[in-house]
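Participant: Make a model of the complete structure from these sequences and hints.
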Amino acid sequence: MPENGGVGRQAHNDGMTLDELIVALEAADPTLVLPLGFSNPHSYRGDYMDLAFEPTANVTVGAMLADARSARGATYQGWKGGDNTMDAHTACWLDEEGRGDGETIGPILLALLLAAGQLDASTRERLGGFESQWIAKPWKSA
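Residue numbers (my numbering): 973 to 1114.
Worth flagging that the hints you see were computed from the coordinates, not collected in a lab.
Heads up, the beta-carbon is just placed ideally off N, CA and C, and yes, glycines get one too.
There may be inaccurate statements among the hints.
Claimed, not checked - Label pairs and their computed distance ranges (CB to CB):
no., residue 1, residue 2, range
1, ILE1080, ASN1030, 17 to 27 Å
2, ASP986, ALA1087, 15 to 25 Å
3, LYS1052, LEU1004, 34 to 44 Å
4, ASP986, GLU1069, 21 to 31 Å
5, PRO1002, PRO1079, 15 to 25 Å
6, THR1047, GLY1070, 16 to 26 Å
Facilitator: The following block contains the structure:
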């Protein structure tokens, strides 16, 4: 049984589980610097059993992978108390620590992070302008 009580638990809103995120990051170039990425894993305030990473500018894929790996098996305290241990099935979010209104990290969002704003015209067309709306959000620097 997963430690966070998520027997068979799926990530929210077509998001990725922690292990899915780790596998996807392992397939990418660890030296690639992303203008937009994430760091600082923590318990997600929207659902304490879930994991969130803070949006971060100018971070390598390798650093993101290290943070994701460090979160697997880690225990974080929820905002109202209680210990929450993250496991393979834990849902992943992108949100600042202390907030609970983030976005799930799913395949499309991760693809945009990895593409680092270098999407070709056909990909932009398929996404219907999604990337320009997402990139317009404010981000902190590493």
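Participant: Would you mind marking each hint as holding or not holding in the structure?
Facilitator: Structure-based check of each hint:
1. ILE1080 x ASN1030: 17 to 27 Å: holds (22 Å)
2. ASP986 x ALA1087: 15 to 25 Å: holds (19 Å)
3. LYS1052 x LEU1004: 34 to 44 Å: holds (38 Å)
4. ASP986 x GLU1069: 21 to 31 Å: Holds, at about 24 Å.
5. PRO1002 x PRO1079: 15 to 25 Å: Given about 19 Å between the Cβ atoms, the range holds.
6. THR1047 x GLY1070: 16 to 26 Å: holds (18 Å)
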